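Novice: This is what each chain is made of:
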Amino acid sequence: MAVDTETQFHVLAVDDSLLDRKLIERLLKTSSFQVTTVDSGSKALEVLGLREDQQPEHNEIEVNLVITDYCMPGMTGYDLLKKIKESSSLKDIPVVIMSSENVPSRINRCLEGGAEEFFLKPVQLSDLKRLRPHILKGKSKEQETENTTIISTSTGTTSSSGSNKRTAIAIDEDLAPNKRTRLRFSSSSSLTLV
Amino acid sequence: MEIGKLQRRYLDFTSTLFHEGFLDNQFTQLQQLQDESSPEFVLEVVTLFFEDSEKLLDELSRTLDQQAVDFKKVDAHVHQLKGSSASIGAQRVKNVCVAFRNFCEEMNQEGCLRCLRQVRNEYFLVKNKLETLFALEQQIVAAGGSVPMMW
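Residue numbers (the UniProt record's numbering), protein chains in the order written: chain A, 1 to 194; chain B, 1 to 151.
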C-alpha cells in the first residue's frame with residue numbers, strides 16, 4: 001500500500017509562550033498538518049498517553065511528530081525528548097526541538113539525544129518542509145516491517161477524525177538523521193549549515 | 001481620501017518602518033501567514049506581543065528596583081521579551097534585549113536600568129507604529145479597498 005502523501009499528519013507542538021504557540025500552530029496548519037498545542041512537557045506526555053505510571057492509555061491521540069521549545073520551566077524540551085525516547089511505546093515518534101538561542105553544545109546534545117532536527121526561532125515555513133520526510137520515513141518503514149514486526153502495533157490509516165489505535169512508527173537507524181547536523185542560523189547571520 | 005491615495009500612504013508608511021529598522025522580515029512572514037482562514041492573524045499575534053511585553057516591562061521595573069537584584073530573574077524576563085519581539089519582527093526591541101542580557105550576565109545594575117529605559121522606549125515606539133499601521137489598514141478597508149502587500 002503506497003503511503004498517501006496527502007494524508008494529514010498530526011503534530012503535537014509544545015511551547016510555554018502563548019505567542020509562540022499561536023505562531024507555530026499557524027505555521028503547521030498552513031503546512032497542512034493537524035495540530036494540537038500544549039504549554040508544557042508534562043501536558044505533552046499526557047496527550048501522548050504517558051502518565052506517571054508509565055502505562056500508555058488505550059484512548060490517547062495518535063501523534064506523528066512532536067515539536068517542542070527547548071527553554072521551558074519545569075520540564076525542558078530536552079527532558080521531554082528523553083522521556084519520549086526512553087518510552088517503549090513513544091520512542092519512535094520523531095521529535096524536533098526549537099530554540100531562540102544558537103548554542104552548538106545544546107544543539108548537539110539534542111541531536112545526540114534523538115531529536116531529528118533543531119530549528120532556530122523564529123521558525124519559518126521553509127523549516128516545516130523538513131518535517132514531512134521524517135514522518136513519511138517512519139510510516140513507510142512501518143509498512144515494510146508490518147509482516148515481520150515483533151513490536152505490538154495496531155496499524156490504522158490516519159483519518160482526519162483521529163485514530164484510536166496506537167501506531168508504532170519504526171525508524172530505521174540507518175535512515176534516522178540523528179548524526180547529521182542540520183542548522184539554520186538566523187537571518188542576520190550569513191552562514192547556513194545543512 | 002480615495003483608495004489609491006490611502007493605499008500609497010500605507011505602502012510608504014510600511015516601507016519606512018522596515019527602512020528604519022522597526023520591523024524586520026519576520027513581520028512580513030506573519031503577513032504572509034494571514035489569509036481567509038485566519039484573517040486577523042497579524043492583529044492577534046501583535047496583540048499578544050503588546051500584552052506580553054507590558055507585563056514583562058512591569059516585572060523588569062519591579063525586579064531591578066530591589067536592593068539586591070536577582071539578575072537571573074531579570075535575564076529570564078529579558079529572554080522572554082527578546083523571544084516575543086523576535087517572533088513578531090520587532091527588530092529594535094529585540095536588539096536592545098541582546099545588549100540587556102549582556103548587562104545581566106555582568107550583573108551590572110546601572111547598565112540594566114539604562115537598557116530598561118531604552119527597551120521601554122523602543123517598545124512604545126513600535127507599538128505606536130503598529131497601531132498606526134492597523135489604523136491605515138482599517139481606513140483602506142472602510143473605503144472599500146484592499147490592503148496592498150509589499151511582496
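These are computed hints drawn from the structure, not numbers from a lab. As the structure is a computational prediction, the values presented were derived from the model and not from experiment. The beta carbon of each residue, even a glycine, is placed where N, CA and C say it ideally should be. Certain hints may be false.
Over the 10 Å line for every Cβ pair with chain A, so calculated as not near, a few chain B residues [claimed, not checked]:
#, residue
1, Arg114
2, Gln138
3, Ser146
Label-pair distances were calculated between CB atoms; the ranges are [claimed, not checked]:
#, chain 1, residue 1, chain 2, residue 2, range
4, A, Ile61, B, Arg8, 24 to 34 Å
5, B, Glu51, A, Lys29, 19 to 29 Å
6, B, Asn25, A, Val103, 15 to 25 Å
7, B, Phe124, A, Lys82, 35 to 45 Å
8, B, Thr132, A, Gln8, 48 to 58 Å
9, A, Ile61, B, Glu36, 44 to 54 Å
10, A, Ser105, B, Lys55, 46 to 56 Å
11, B, Gln66, A, Pro104, 45 to 55 Å
12, B, Asp35, A, Leu136, 20 to 30 Å
13, B, Asp65, A, Ser32, 22 to 32 Å
14, B, Met1, A, Lys43, 44 to 54 Å
15, A, Glu86, B, Gly144, 30 to 40 Å
16, B, Leu43, A, Ser105, 31 to 41 Å
Novice: Lying within 20 to 30 Å: is that true of the beta-carbon distance Asp35 (chain B) to Leu136 (chain A)?
Specialist: With a Cβ separation near 26 Å, Asp35 (chain B) and Leu136 (chain A) satisfy 20 to 30 Å, so the hint holds.
Novice: Holds or violated: is the Cβ of Gln138 (chain B) farther than 10 Å from all Cβ atoms of chain A?
Specialist: Non-interface label on Gln138 (chain B) holds, nearest chain A Cβ at 22 Å vs cutoff 10 Å.
Novice: For the pair Ile61 (chain A) and Glu36 (chain B), does the Cβ-Cβ distance stay inside 44 to 54 Å?
Specialist: Taking Cβ atoms as reference, Ile61 (chain A) and Glu36 (chain B) lie about 28 Å apart, which means the hint is violated.
Novice: Given the hint of 19 to 29 Å, is the C-beta distance from Glu51 (chain B) to Lys29 (chain A) inside that range or not?
Specialist: Distance hint for Glu51 (chain B), Lys29 (chain A) holds at roughly 22 Å.
Novice: CB of Glu86 (chain A) to CB of Gly144 (chain B), is that within 30 to 40 Å?
Specialist: violated (59 Å)
Novice: With 31 to 41 Å as the target window, see if Leu43 (chain B) and Ser105 (chain A) comply at their CB atoms.
Specialist: holds (39 Å)
Novice: Taking 10 Å as the cut and beta carbons as the points, is Arg114 (chain B) off the interface with chain A?
Specialist: Given a closest Cβ separation of 23 Å, the condition holds.
Novice: Would you say Ser146 (chain B) is clear of chain A, with no C-beta pair closer than or equal to 10 Å?
Specialist: holds (21 Å)
Novice: Assuming the hint says 46 to 56 Å, is it satisfied by the Cβ distance from Ser105 (chain A) to Lys55 (chain B) or not?
Specialist: Roughly 32 Å apart at Cβ, these two residues miss the hinted range, so it is violated.
Novice: Starting from the range 48 to 58 Å, see whether the pair Thr132 (chain B) and Gln8 (chain A) falls in it by beta-carbon distance.
Specialist: At roughly 39 Å between Cβ atoms, Gln8 (chain A) and Thr132 (chain B) fall outside 48 to 58 Å, so the hint is violated.
Novice: Could you tell me whether the CB distance from Phe124 (chain B) to Lys82 (chain A) stays inside 35 to 45 Å?
Specialist: holds (42 Å)
Novice: Within 15 to 25 Å: is that where the Cβ-Cβ distance between Asn25 (chain B) and Val103 (chain A) falls?
Specialist: holds (23 Å)
Hints 4, 8, 9, 10, 11, 13 and 15 from the earlier list are contradicted by this structure; the remaining hints agree with it.
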